Structure formats: structure tokens, C-alpha cells
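Undergrad: The chain contents come next:
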Amino acid sequence: MQKNIRILRMLLVLAFIPGTILAQEKYTISGSITDDDTGEDLFGASVYVAGTSFGATTNVYGFYSLTIPEGTYEITTSYVGFEDIVLKLTLNQDISKNVKLIPSGTMLQEVEVSSVRSDNNVSSSEMSVERIDIKQLETIPVLLGEKDVLKTIQLMPGISTASEGSSGFSVRGGSTDQNLILLDGAPVYSASHLMGFFSVFNSDALKNMSVYKGGIPANYGGRASSVVDIGMKDGNNKHFAASGGIGLISSRLAIEGPIVKDKASFIVSGRRSYADIVAKGINVLDSDASLYFYDLNAKVNYKLNDKNRLFLSGYFGQDSFGFGDMGMGWGNTTGTLRYNHLFSSKLFSNTTLLYSNYNYGFNIGSDASMSSGIEDFSFKQDFTYFLNPKNKIKTGFISTYHIFNPGELTMEGIADIEIILDKKQALESAVYVSNEHNISNRISAEYGIRLSMFNQLGEGWSKSYNDNNIVVDSTYFASGDIMQTYINYEPRASVMFRLDSNSSVKASYNRMAQYLHLLSNSTSGQPTDTWMPSSVNLKPQVVNQVALGYFRNFDDNRYEFSVETYYKSMTNVADYEDGTDVMLNENIEASVLSGIGRSYGLEFYLKKKYGRLNGWISYTLARTENQIDGINNDLWYASKLDKTHDFSIVLSYQFTERLSLSTAWIYYTGNAVTFPSGRYEFDGNIIPYYTERNGYRMPDYHRLDLNLHLDGKKKKRFNSSWDFSLYNVYNRHNAYTISFQESESVSGNTEAVQLSLFGIVPSVTWNFKF
Amino acid sequence: MKKTSYINIIIVLGITMLLMSCEEIIDIELNSENPVIVAEGYIELDSVAKLKLSYSSDYFTNSSGAYLENSSVIIIDDLGNVDTLLYMGEGNYLGENITGALNRTYRITFTEADKVFEANTKIFPPSEILDISFEESQMVGPGPGHGPGQSSASYIINMKFTDNTSLTNYYLIDVFVNGNLDRNSYTLVESSSYSNNGVVEYKPFRASYKIDEEIRVVVYSIDEASHRFYSQMNDALGGGIGPEAMSGSSTPYNPTSNFGPEVVGLFSGRSFDESSVVVE
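Those sequence lines, one after another, are chains B and H. Residue 770 is where the first sequence ends in our numbering, and the numbering goes up by one at each step. Residue 1280 is where the second sequence ends in our numbering, and the numbering goes up by one at each step.
These are calculated hints, taken from the structure and not from any lab test. Every value quoted in this text rests on a predicted model; they were computed, and no experiment measured them. Don't take each hint at face value.
Part of the chain H face toward chain B, derived, beta carbon under 10 Å [what the hints assert, rightly or not]:
| id | residue |
| --- | --- |
| 1 | Glu1023 |
| 2 | Glu1024 |
| 3 | Ile1028 |
| 4 | Glu1033 |
| 5 | Leu1045 |
| 6 | Thr1061 |
| 7 | Tyr1186 |
| 8 | Ala1236 |
| 9 | Pro1255 |
| 10 | Leu1266 |
A few chain H residues that don't get close to chain B, going by computed Cβ distances all over 12 Å [as the list claims (entries may be wrong)]:
| id | residue |
| --- | --- |
| 11 | Ile1076 |
| 12 | Asp1077 |
| 13 | Glu1112 |
| 14 | Glu1128 |
| 15 | Asp1131 |
| 16 | Ser1166 |
| 17 | Leu1167 |
| 18 | Arg1216 |
| 19 | Glu1224 |
| 20 | Met1233 |
| 21 | Val1278 |
Going by beta-carbon spacing under 10 Å, a handful of chain H positions derived as facing chain B [said to hold, decoys possible]:
| id | residue |
| --- | --- |
| 22 | Pro1035 |
| 23 | Ser1133 |
| 24 | Gly1265 |
Beta carbons are placed, not taken as given, at the ideal position from N, Cα and C, and that holds for glycine.
Kindly produce the complete structure, drawing on both the sequences and the hints.
TA: Right, here's the structure in full:
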């Protein structure tokens, strides 16, 4: 009996030992990773235990959390462009560890192009994402020497420009209003200055930028095609610094510094253009003409303690264009108040209040004025829970109150006109949950779901129209009444299967619902475009996208290669009846026709990240088309943003420590347009006759840009550099518009007239930093 | 190098940038489509109906389209009266027996091979021109006959005419200067935007006139379909393809014809009043 009891005890002990080993305690190491020089958070920095699969990356606030079994480890923290730090730690309780990484010196042999982990291209489950290193912008040549994040992303596969010079862009065939552009979380509705030639983003104020073309995570929503998430710098919390530049068309200045050292800091940056001042000086413009823009970014952040941090940031920008007593102005204002809180080493919270306003106005003296705009107030709550090394759960919600001012026009004297389109209101809300799951050494996935709801609210009229666009019924809704509700489930998923240490295959699916619509009569996006909410007549656009890709790195991650294919199906694609006047049209909804669309393509991308010579080649083969009853005889037709081939080569060569040359060659086939196929005479005029919608193509576009960057001799406090740029080096006259008209020289003849915007454009910019 | 030389370099670069856009006539290949029927006609108060029928041609041709001859063109009013328009040559068909009358609705048909095309229109009462006056307009800045910073006195018309407040009325306004039609685009007025107690007061502010010019103003009362057609014709006259097409609408298109989608053009019923003044 006693012998049996001993055997039973041994068996019980043996049974529990493995369980005891398996149930080994796990502890969490968490904290922030920052730049030791400036105090800026480092987004995407790596924290890992070499030789194991334990690893994590910092979020956009520089926070990381890694839960691993009890033990002694060498934990490496690394970030491209910085010296690695290895921490020897014994983990037998939860540890908070903040790490300050030291920037490495400029390395001729190993010039980094990307700020993400070396093999992230292969190892991350993310696909269809472009992460932009803001420092990279310093050498990429763009128009008039102005560094422009939005023009830079148009050099990447799947992202194409709407037109020459424009900051409006199309992602995988989507229209320009299908891109959610966020600045510190606040939406920016019109992201361009000077009729689209420059973006509103001053790169001096920016820290990071991510562009999601597909595989969009569940915490983003509201636009059908893409998300451009731009983060501002927090400001140097170590010492005061200033930087800026004086260029041909504009100048900029940024000042940053600590308010309380290591605890609170600020950054203020501004830009002002002066094309009109130059033009007046050489008598090309009248003294009372104006053509300029200015913008201001400001941010303060305060670290209350290791668990609590406050941020307040804002943007204000304005454009002005006019002569005599005629004027036009437009601009954005955004504001973000954010509170980060660490509930524990595993639970990170981000609470945000957001404000965004876009408006434009036009006036002729005191006789006539017109205005339009949109205003948002948002509340957002996000949680990140680092469940274990294999699972990171994100959840949260957002609610936005939109106020739409579709337009007001008053005229006195010329004619007494007052057109005031009813203001519209809406509440757009969403909840989401997602998980980043490291399933095994070879497989990782991110999956989640977003539930979005849109309520069009009173006060307002809901109208029904007959086939002749006449109002046949209207219902009044008082302030706050729900006029129309739309609900959409938006699943998101992406998965990575690692083939070997250098390659992987990825797939993704996302469904996006868009409740806001941009009424535009141009392809490229103009300040006069009007935002409208979904309503009983204007249904939300819904896009389903699948993507599949092969990713491979070469030569110790020196080269990254990817090929991706995608297919998007779209419902409630909107277009206008022929002849629709989109401006100040009270019954515009009656003229909107909706149908379906599809977009598919193949993207190739080869990037060299290190070495004296670095850069990338990108090529996109794509097709986007719509089918809308009432347009083009109900047949499928090419979308106006459809471009078959889009090719870019961007190269940068570092000659010496101070001198580098960058070049960009861009080629794309023209977008789809409607040209006349005949002509007729009416009332003494020659009138073009049109057949197929978007049945023609603009001429092919290509140009070469160069930028020579020369750093001044390195000094302790004050450093400067020069950029000498040539835009369109071989002076190709690329078509901006093509118009058809009667010949002025030969009566009865017709001709096609091409307007080209820019020939060869030299520019020079002097930059400084201290 | 002296500082002034640096400034000069920057200014030269500035000039280069500002003046780099250019326009040029280009060769472009356009499709050759089957010709479409073009119909242009009207019936005015107290006048017979007129209709011109022709075809469209290729865009870059330097000749007009062929005429549609041997068509059977008939007009019927809402009292049942029928008139056959006779062919007068060069695509023109002219009525004989029916003249335009107030508040009458007319249906005109024509044939092409075995197809029949039809349009309807109505003649609304004319508006009486009550007054034409002029206001001096000081233009400052570059313009015809004067350069930057210079001003040139010119005058804009201020016209008043009657309006039937029980209806939404549509007007087409033609202005003749010294006997010549002054028209870059159709001047159109919808009464709901301008009418005040039965009087429309309108200033076509894009046009300006000089002292001693003889101005003849003709105000046509037209129907809604005609107003829409002429309004869309203004888009067509604006031309331009590309990101910044000079058009109020989103994509180039053919103005809506009241003959239906297979025909371009318009048959319009109208009445008018006119008045002449000399700018002083």
C-alpha cells in the first residue's frame, strides 16, 4: 500500500513537472524608445531577443511591450540610423525600461533609405504599405525644389498623380477623394496649395508617414482607397534648434526646443510663398494682385510621468489668389489634443480630440461673394493590449460630427442673387477590434473587423426626384433628427507566410465604406470642390479589395523586391449625368448616377537601401473602369483616372560626404479622357461632337528631374546646405490640358491646342540648421 | 560674386519659372464616327417655322457636313393644324401656313430614311423691355487697350424687363453692337434668380461698351428645354479637355437635344422684344 502511494506521488510529480515547465512565469518588459539627441519617439524601432522569435516594434508613440518567459536575456534595441543598444536583463518581474538610441554618424558605405526594420519587407504581415522616411525627402528632386511628401509617394507603385504638378493622387485607381489624409490624426480635406502644385505638409514639421494602399488595418476607416497617416514631430526636448530654407518660390522656418528639459517640448514651423512678390517686382503682376500661400504647424507635448503624456498640435494654412477687387482664398485648420496613458506594461491607451476645418471663399469687391466648406469634431479612443509575444490586440472607437456647408452665393449690384444651400450635418462612428498574431515562426497575420455607422442628421430636407430631376416629395427633419442611417461591416485581414529567411508570400483583404463624397468637376482636385454626406439619394461607396504579393530581400537585406497584384470591386461608384453643374446646385443629388467599378493591377517594386547608390524602381500595370446606367450607353468605360502604365526610377548617389546627386525619371501613359469624334455647326458656331465617355487617352507623360545636394562644411552649431534642382531636364512639353477650338487663322478649320505647364524649371534652395 | 548678381540670378530664375507654360497646336488622331443628324430650327411669334437639317463631320475636316435633303418635315400645333415645311436648299426647310402664336405648343417631325424624329416646344409670351440704362465700370489692370495699372472707362448694361411671376420663365438675351451680334457665349436668365415683383433686372457684367456705340438688346422668351440646351451649349463652346477643362461640368458632353439622343441640336419656340439705345 505504502509502495503504491509512493508510486502515485512520483507519478503526480512527474505529471506536474512538464506542466510546471509549460506554465513558466512570463514577464513584460515595456517602455519607450527615443532619439537621445532630440527626445523624439522612434516609430518602428525593434526590440528583440537574438536567436529567438521574441520581438516587438514600437508604436507611433515610441512605446513597446514584450512579454517573455522568466529568465536572463540580452535584449537588443535597434533603429535604422542609430547605434544598437543591447540590454542584459534578468526578467523575474515586469520591468519598465526606456531606451535612448544614439544616432550613428553619416556612413558613406551604409546610407539608409528606410526607417523600418531591415527585413520588414519580408517578415511583416503588412503588405501594400509604404513607409516614408522624412529624411529621404531631402534629396528627392521635386518641382521648384520644394520638398513634398505627397509628390514623393506618387513615385511609388500603385500611387499615381492626378495631373502635372498636382498634389492630388490616385491609389490603385481610386479617385482623389478616396484617400484619407491624416495629420496627427486629424483629417485634412484639401491637401494642396496654389491650385494643387504644392502640398500643405511642411516636411520640416513631420516625423513619419505611412501610406496604406491595401491591407488597411481595422483602426482606419472612412475612405475607400487609401490612408495617408502623417505624424508631426514632437519637438526637441533636449536643446533648442532651428532649421529652414530660402527658396525661389517659398521660404520656411522651424523652431523647436524644450519647455521643461526631457519633459516638455514644442515645435513651431511656418512657410510662406512669395511668387507674387517676385512677379510684381518684375512687373508681371499688378501691384494689387495676390498669389501666395502660408502655413503654420505647431505642437507642444508634456510628459507628466512615465505613464501619462499630453500632446497638443495644430495646423493652419491659407491660400490667396486675386487681382483688383476679385479674390479667392481657401485653407485648412486642424487641431489634435491627445492623451497617452499606460494602464499597465501591457495596456496602452490613446485618447484624442480632433478638429478639422476646410473652407474656401470667393469675392468680387463687396458685390459678390461665395463660400463653402466642411468642419469636423471628433472623439477617438484606442487601446493596444500586448496580450503575449504572439498577440497584440487593438480596439477602439471613433465618432465624428460633420458639418457641411455646400455653398453660399450672394450678389448685389451686378444682380441681386442669393443662393444658400442648406447646411448638412452627419454623425460618423465606428468601433473596431483587431489582432496582430504571430501564429508561428513562418506565419503571421493581422485580422480584425470594423463596424461603421453613418447618420445623416437634421435640420434639413430629404428629397425624392423623378426621372427628370424634379423634386416630387420632400420631408423636413428638425435639428438632430436622423434622416438616414447606413451601417457597414468592414472585415480586414492580412497574412504572411515565410518561405525562407529572405522571402515570403502575403495576402490581404479589406472592405472599406466611404460616407463622404467630393463633388468635383476636375480630375485633379480643386479648392472649389465640395464635400457632401451620404443621404437617401447618395449612397456610401463600398470597396472590397484583395491583394496577393511575393516579397524577397537580397544581399543581406540590401535590396528589397516585391510584386503585388490586386483586385478591387466597388459599389455605388458615383458619376454625374452629362451637363451637371456641380457648383451651387441645390439638387445635385438628382444628377448623381451610381453604378459599379473595378480596378486591378500588378505592381513591381525594387529598392536598394544601402550604399553610395540607392533608390528604387517602381512599375504599375493597371486598369480601372466603371459601369453606370445612364452613362456611355450603360457600357463599361475607363475611369478618368485610369492609367495603364506608370513607371518611376529614383536614384541617389553620394559622391562625397557633402555632395550627392539625385535623379527621378517618371513615365506614365495618359489618363482616360473624352475627346470629340466629330463636329457640327449650330448657330454659326462649330461645336465638338462626343461619342464614347473616356474613350481617348492624354498623350504619354515623361520627364527627368535632377537635384544636386551640397552640404556646407560641418560646424558645431550652424550648418547649411544647398539644393540645385532641375525639373523636366529635357524640357518635354507634357500635356496639361488639350482643348478643341476653331482655328483663329483659318476660318472653318478646327484645331487641338495643348497647354503644357512646365518646361525646364531650375531652382535653388539654401537650407540651414542650428 | 556681388550680392546684386545673386539677386539677379534669382530673379532670372523666377522669370524662367513663371513664363515656362506654353500653348501649341498639336496633331492628334481622332476617331471617325458615323455622321449624326444636326437639327437647328425655331418658330417665332407671328413667323413660320424654320428648320435646318445637316450632318456632322469629322472633327478636323475643313468642310461642313452634308445636308439632309428629301426629308419630310411637318409641324403640328396643339389645335391640330398641320404644316409641311418645304425644302429651300442647303438643308433649309421653311413653313408656309402655321405661324407662331402665344401659348401654343408645337410638335415638329422630320424623317431620315425610315426613321422619324420629333421635338416639342412652346411659345411663351414675350417680356416687355422696360428700360435699358448704363453704368460706368472702371476697369483696373491689364485689359484690352490698357496695360497694368491703367484704367479705361467703359459701360455695362442694366436692363429691366417684365416677368410673369406665376411661372418660372427663361430668357435668352442677344446684344448687337453697331449692328453686329456681340456674343462669346449665350446670355441666359432664369427668372427665379432675378425677378423682383414682376420685373427682372439684369446686368450682363462680362460685357462692356464704349461711348457712342449703338446697342440693340433682344430678349427672347424661351422654354425650359431651350434654356437647358443653350446653357449646355455654353459648356461646349468653352471647350478644353484635361484636368482644368473650362467648363462648369465634369466631363465634355453633347448638349441635350429635344429631338432625343440620336440628333444634336434644337427646335425652339420663342417670342421677343427688342430695344435700341446709344451709349452716352
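Undergrad: Hints numbered earlier in the text: which of these fail when held up against the supplied structure?
TA: 5, 19, 20 and 23
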